[in-house]
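Asks: Residues per chain are reported as follows:
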Amino acid sequence: MADDAAAPVTDDGLREEVRAFLENQWTGLLQGETERKAWFAKVVEARWAVPRWPTEWMGRGLGDVQARIVESEFAAAGATGTGQDRTNLWANTLLAGGTQELKERLLLPLLRGEVGMCLLYSEPGAGSDLAGIRTRADRQIDHFLINGQKVWTSYAATADYGMLIARTDWDVPKHRGISFFFLPMKQPGVEVRPLRQITNESQFNEVFLTDAICPEENLLGELGQGWGVLQTALAYERSVMGEGARGPRSGVAESKNEEPLIALAREAGALSDPLIRQEISKVIGLKKLNALNTARAKAEMKQGTSSALMSLGKLAMSRILHEEARVRTMILGAGSLLEGPDFPRAEDANFLTLNAYFTSIGGGTDQIQRNIIGERVLGLPKEPEVDRDIPFRDVRSG
Amino acid sequence: MNSLAAEERLAFQHSTARLLADRSTEVDVRRTMETPSGYDADLWKAMADLGVVGLIIDPAYGGAGAGPVEVEVVFEEAGAALLCSPLLSSGVLAAGLLQALDDEDANLRLLPAIADGSLIATAALTGPRGTWTPGAVAVRARAEGDACRLDGRASFVTHAHVADVLLVAANAADGLAIFEVEARAAGVAVTPAPTFDHTLRIAEVAFDGAPARRISTSRPAWDAVEEALSLARVALAGEQAGGGRRVLEFTVDYAKTRLQFGRAIGSYQAIKHMAADLLLESESATSAARHAAAQLAASASDAKAAVELAAFACADAFVKICADAIQMHGGIAFTWNHPAHLYLRRARSDAQLFGAAAFHRERYVCELEAAHG
Ligand SMILES: Cc1cc2nc3c(=O)[nH]c(=O)nc-3n(C[C@H](O)[C@H](O)[C@H](O)COP(=O)(O)OP(=O)(O)OC[C@H]3O[C@@H](n4cnc5c(N)ncnc54)[C@H](O)[C@@H]3O)c2cc1C
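As given, the protein sequences belong to chains A and B, one line each in that order.
The first sequence begins at 1 in the working numbering and counts up by one.
The second sequence begins at 1 in the working numbering and counts up by one.
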């Protein structure tokens with residue numbers, strides 16, 4: 001089986017194989033978590049989840065062009081579960097840096113969507129400046145002891161593991177003393193306290209780590225080399241954020257076969273307003289441009305080297321989300337004063353207005369993205385950093 | 001529409017880029033833009049020999065048989081080099097209009113000479129309102145036996161002052177039609193208008209009983225005009241994307257070398273963040289222009305929407321890049337000798353030609369409504 005899968009196939013042969021699989025297995029809609037997990041398990045088993053990966057880990061070793069054929073066939077059928085070699089941040093980070101033991105334990109469950117995950121990066125004193133973290137990991141005989149505090153940790157309350165950055169060396173400059181772990185979350189040393197968000201939801205949390213235990217084999221990359229692993233993980237996160245975000249949450253359906261803004265304006269009797277038509281045109285244009293940019297970037301890039309150009313996508317998406325929310329509000333006018341289930345359109349416009357900050361702050365703020373684009377893509381000089389080359393012990397915080 | 005094989009297209013792009021790098025330098029542009037004709041006749045001949053002037057013209061009439069994708073690629077180079085030439089007027093708009101009308105006699109008469117550069121043609125499609133819509137046409141045609149005569153005026157006619165032949169939209173008794181007029185015939189007065197963009201030439205054309213030949217077509221004439229305008233808009237979009245990219249390049253280079261307060265100005269976020277935003281504009285313009293070209297070449301169902309999107313996105317992007325570039329340079333870019341203003345002038349002109357951004361945004365929404373109607 002593994003050998004078969006590795007053998008080179010023609011584009012047409014591959015397309016037929018995917019179609020046959022989808023025809024036999026894909027039923028259309030997935031109802032609920034159980035069905036979703038069962039479907040993902042099937043996709044993994046049939047080696048369609050991560051076609052670019054090596055056969056050893058249920059991949060097919062396909063190049064980007066053929067992997068896209070698989071993705072487009074899935075998309076055409078409306079089926080989910082493939083393309084995880086681009087989009088599954090957890091699994092890709094683990095594949096790139098994990099020990100054999102940890103990969104054997106977690107890779108496939110991650111692809112099947114059976115493991116709850118969270119990102120233990122940000123701290124009260126270290127947000128944009130992630131290299132300034134103060135959570136410590138101290139090596140014991142066969143494990144690490146973790147102490148410190150994380151914050152803004154989305155989905156920590158339900159997570160089984162957290163991708164954790166912690167300091168393991170205090171005597172070297174800040175980027176060099178950091179290590180990267182898969183921390184088991186369900187243990188006494190991990191305390192999760194939900195925070196109420198501006199959206200009136202509670203997805204993100206504070207996480208207090210008090211003598212939490214992390215097994216040695218859960219270290220990714222070498223000790224002290226966690227900054228490099230983090231860059232890989234951030235690249236995947238940003239590329240996903242550049243492709244989209246949560247939509248309306250009222251649950252009251254919007255027209256499926258029409259651009260949502262046009263449908264909303266029609267419904268609100270505002271579609272003949274020339275000013276609103278201009279604004280709608282701008283926003284839909286921005287969305288389309290981002291999709292075109294992403295398509296072009298993908299065509300021009302090999303897998304895994306995506307960080308810089310994808311940063312453009314996240315910056316673009318953040319603008320799109322803020323603009324789309326603004327235009328929704330403009331269309332509703334005074335209607336946006338209201339909220340609650342009886343006013344689903346207002347609820348959506350207001351939610352989207354607030355949730356746009358998820359993309360413009362989370363995963364690296366717009367300002368940080370602009371720094372990255374300016375420095376890594378355009379090659380502009382870095383700003384002087386006063387704390388870059390001194391031992392972390394001597395760095396000021398606040 | 002037509003397309004060339006990828007290698008052939010690359011060859012066109014590279015040879016155009018080489019020719020322009022050699023013959024359309026900033027010094028050349030500054031010299032040419034101050035001449036009465038506004039273009040370099042030797043360079044024009046070289047471009048014709050290369051096949052660029054007859055790019056979209058059917059090989060049966062001596063052209064290269066290329067299409068929107070090749071036009072876009074060539075205009076990216078032309079935009080970057082601020083090329084002064086009637087290429088858009090003659091090789092794209094007029095040639096495109098003739099091919100869209102498809103009058104065998106007119107094609108035989110005009111296309112070979114357009115392709116080899118010996119004849120310059122342009123299209124006179126709008127009146128003083130400058131909206132490039134049928135309602136703005138301000139020329140009337142009257143029959144006189146077998147012949148026709150035109151009266152009225154056409155505005156914003158690009159490169160009319162060097163044109164040999166004008167293709168004129170005029171209202172005849174049986175509706176709008178396209179007429180071929182000798183630019184130097186009696187009853188035709190071409191008055192060059194001073195232009196903000198010195199690399200562009202525009203004229204007002206008055207017709208006073210001008211002798212004209214009606215170009216026959218089996219379709220509504222304005223449909224053919226729209227087809228030609230789509231091609232011209234793709235060319236403009238390419239020019240805007242290419243021009244914007246060049247301006248961003250020299251601006252970023254400057255930000256790396258200009259020192260203030262002991263640091264390169266590009267290390268300051270006020271500058272760096274503007275540059276990052278402009279890169280997004282520039283890349284988006286490139287994506288939009290190439291997508292429009294590809295959809296038009298494939299006669300895709302969303303080709304019109306793609307052209308409308310490119311028309312406003314590339315126009316806005318080019319203006320923004322040029323405008324911000326001046327700010328990022330400081331005083332040096334306020335001088336006539338610095339190239340930034342030449343590009344800003346081009347950007348502001350391109351943003352009006354063949355319809356302004358707001359017009360295209362409105363049409364984009366209309367396309368989206370129609371697509372789901
Ligand atoms: C909805 C949401 C979910 C999140 N989920 C997670 C999660 O799951 N896991 C996790 O680890 N983190 C998460 N975060 C945290 C997020 O990554 C940080 O909030 C973000 O990186 C900014 O850090 P900060 O909040 O400390 O702000 P700061 O870094 O203090 O920034 C404050 C302001 O200063 C600006 N600034 C800072 N440094 C610079 C600079 N060098 N140049 C220019 N401007 C600068 C910023 O752009 C910002 O405007 C989440 C955040 C949000 C909003």
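By construction, these hints were calculated from the structure, which means they are not laboratory data.
Heads up, a few of these hints could be off.
Said to hold, decoys possible - Residues from chain A that face chain B, not an exhaustive set, calculated with beta carbons under 8 Å: (1) 235; (2) 257; (3) 259; (4) 262; (5) 277; (6) 292; (7) 293; (8) 296; (9) 367; (10) 368; (11) 371; (12) 376; (13) 379; (14) 381; (15) 383; (16) 386.
As the list claims (entries may be wrong) - In silico DMTMM-like links for lysine to aspartate or glutamate, alpha-carbon gap of 20 Å or less: (17) 256/B with 254/A; (18) 103/A with 222/A; (19) 282/A with 367/B; (20) 256/A with 367/B; (21) 282/A with 249/B; (22) 304/B with 385/A; (23) 287/A with 223/B; (24) 382/A with 362/B; (25) 320/B with 323/A; (26) 382/A with 253/B; (27) 304/B with 104/A; (28) 287/A with 249/B; (29) 282/A with 302/B; (30) 37/A with 138/A; (31) 256/B with 375/A; (32) 256/B with 17/A; (33) 282/A with 22/B; (34) 256/A with 277/B; (35) 287/A with 362/B; (36) 304/B with 277/B; (37) 42/A with 142/A; (38) 256/A with 302/B; (39) 287/A with 369/B; (40) 382/A with 369/B.
Only a predicted model underlies this, so the values are computations on that prediction, with no experimental measurement involved.
The beta-carbon is built from N, C-alpha and C at its ideal position, and this holds for glycine as well.
Asks: Within a Cα-Cα threshold of 20 Å, do residue 304/B and residue 277/B meet the stated pairing?
Replies: violated, 28 Å
Asks: For the hint on residue 376/A, just tell me whether its beta-carbon gets within less than 8 Å of chain B.
Replies: violated, 10 Å
Asks: At a threshold of 8 Å, is the proposed contact between residue 262/A and chain B supported by beta-carbon distances?
Replies: Hint on residue 262/A: holds, closest Cβ of chain B at ~6 Å, below 8 Å.
Asks: How about residue 386/A: closest beta carbon in chain B under 8 Å, or not?
Replies: violated, 14 Å
Asks: Measure nothing beyond the straight line between the CA atoms of residue 256/A and residue 367/B; if it is 20 Å or shorter, mark the hint as holding.
Replies: holds, 17 Å
Asks: Quick one, are residue 320/B and residue 323/A close enough, alpha carbons at most 20 Å?
Replies: Holds - the C-alpha atoms of residue 323/A and residue 320/B are around 18 Å apart, at most 20 Å.
Asks: Please verify whether residue 382/A and residue 369/B have alpha carbons no more than 20 Å apart.
Replies: violated, 46 Å
Asks: Double-check residue 371/A for me: the hint is only fine if its C-beta lies closer than 8 Å to a C-beta in chain B.
Replies: Holds. Min distance 7 Å.
Asks: Quick one, is the residue 367/A hint okay against chain B at 8 Å, beta carbons?
Replies: holds, 7 Å
Asks: Given the hinted pair residue 282/A and residue 367/B, is their alpha-carbon gap at most 20 Å?
Replies: The given pair, whose Cα atoms are some 14 Å apart, holds under the 20 Å limit.
Asks: When you check the alpha-carbon spacing of residue 304/B and residue 104/A, does it fall within 20 Å?
Replies: It is violated: about 52 Å lies between the C-alpha atoms, which goes past 20 Å.
Asks: Can residue 379/A be said to touch chain B, with a Cβ gap under 8 Å?
Replies: holds, 7 Å
Checked against the numbered hints given earlier, the structure breaks hints 1, 10, 12, 16, 17, 21, 22, 23, 24, 27, 28, 30, 32, 33, 34, 36, 37, 40 and satisfies all the rest.
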